[in-house]
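*Asks:* Between the sequences and the hints, there should be enough to build the whole structure, so can you do that?
What follows is each chain in one-letter form.
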Amino acid sequence: MVTREEIENIALLSKLFVAEEELDGLTKEMDQMIAFADTINQATDAGEEFDNINGLQNAFREDEVVPSYPQSEILKNRDGGVDGFFYVAKHK
Amino acid sequence: MLDYLAQIRSLQSMLREKKISCTELTQAYLDAMERDNPKLNAYVTATPEAALAAAKQVDEKLARGEELAALEGIPMTLKDNISTKDIPTTCCSKILEGYVPIYDATVWKLLKDQNAVLLGKTNMDEFAMGSSCETSCFGGAANPHNLDHVAGGSSGGVASAVGGNLAAYGLGSDTGGSIRQPASFCGLVGLKPTYGAVSRFGLVAYASSLDQIGPITTNVEDTALVYDQICRYDPMDSTSKGAEGNTLSHLKDPVKGKRIGIAKEYLEGLKPEVEAAIQQAMKTYEAMGCELVDISLPALKYALPVYYILACAEASSNLGRYDGIRYGYQADSYLNTHDMICKTRSAGFGKEVQRRILLGTYVLSSGYYDAYYKKAQNLRGSIVRTFREAFDHCDAILAPTVPMTSFPKGFTSQDPIETYQTDICTVPVNICGLPGVSIPCGFGEKGLPIGMQLIGNTFGEANILNLAWQFEQATGGEFNKKVEGGLAL
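Chains W and F, in that order, give the protein sequences. Residue numbering for the first sequence follows my numbering, starting at 1 and increasing by one per position. Residue numbering for the second sequence follows my numbering, starting at 1001 and increasing by one per position.
Read the hints as simulated data drawn from the structure, not as lab findings.
Computed Cβ-Cβ distance ranges for the label pairs, DEER-style:
1) W:D31 with F:D1003: 52 to 58 Å
2) W:Q57 with F:A1488: 51 to 57 Å
3) F:G1320 with W:D31: 21 to 27 Å
4) W:R4 with F:P1298: 36 to 42 Å
5) F:E1067 with W:N54: 33 to 39 Å
This structure is a prediction, so every number in the text was calculated from the model and none was measured. For glycine and all other residues, C-beta sits at the position ideal for the given N, C-alpha and C.
*Replies:* Written out as structure tokens, the structure reads:
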């Protein structure tokens, strides 16, 4: 059984605010979802080590310098930024 | 007259024979979108300027007597989680409000380089999390076969647009069935390629070890054509495998003697009309000289919870990047940076996305990691082995795509677990990184389409599309039903 406190903690780790009036409903929903996820623990099959799906291995290459996206392009989605940086006001 | 069973080839012939110019064709689609999109809600962004500019290039090329590339001049659409330079890419989430990518996804670059005509970006469940398209911040997309029903999800907008004749084809993404399920609901063909066949660069990540981009079309030939053009090695995607997209030349191969695996686990809990259509499809394959082989996939029992644990875990990590600092929505007022990030995320993400982030964070958190995430990873290993063993006995697996036909609008919001259960037939393909194609195979109540799935071994796209094409031919395309509306040629 998942508790309200656990959900509050998970929400904090997820950087999500949950309004006080929504907490009971969300705890109930999460309890159902976790109970559903927990059905895997009924499996008698211990499973086997799984790494990745298509047999990938680390492949190293020479570290070559290639052009990056220009700073001005990257900052476009924040009105061009300030002095080449992303700008976030301390409070608003 | 447009051939619905070979739409792309048919449209290109019309362009080559100058029966219609590419500009006229594009304008006809744009006009149809303006007229029909309000009832389908398939498109969330129309891109008429880009479309007409590409069409002009094609017309100039035709005037010079030059040959057209495979998809050149064909009006199409992209799901709104595929990055398009200078065109908004929202994932149908408030949190990406106003975001305009500065680069193209590799799949779009490949198509743009051959003058594909992008009509617009299509609707989807927010961040591809859903089965009905209704978690979209723009509202859901309607099913062209019955407007009171959903187009499916998460690539519901692509299916609604292609099924509603508002695009010749589209690209969607499939993490747990998001191409195949809406294709099934809308009577279309949808291919989820082998993991690593198609580059994920520029696809906004949901669950990176499961996501793949693939086509949704009206027929199998078009799916093969599109797949062959997007299956490329890409150094920008570290999981890209560099397979050869060579399915088109194998469509007409004989299928006599091919072994089709039937797993009883896939046939449990189906709506009777779906079961009847699948049984009929089995008979059709038998009549074509294929051998039906009973196979067993016991690990399938845990596929759904394994999928939800792994997908949510990966999503909780991938969606950590949305902090309101670099792009998209940012909270209007806040006390400090932490407050800004939390307020941005809480107001920017919808409820289903928040639920999945919370579940993902839970299963990865200290004390629960071994019981959930690690256990699910190990069971993923078992499911992969089960399928590998099954392919020792058969060449492809036949299964329903979804246990039922399209839901009525609003059905899915009532119970999240009940909604998750509808993904039971599609998630194993993603868990195992296998290719799966959904093709139409019948109609249920209210004329709603039924789809079936052909699952192939790794990089077995040519084999399953061959089986799919031969089925389409054997049944005379009777299940690929064109609906009224949209482009009329």
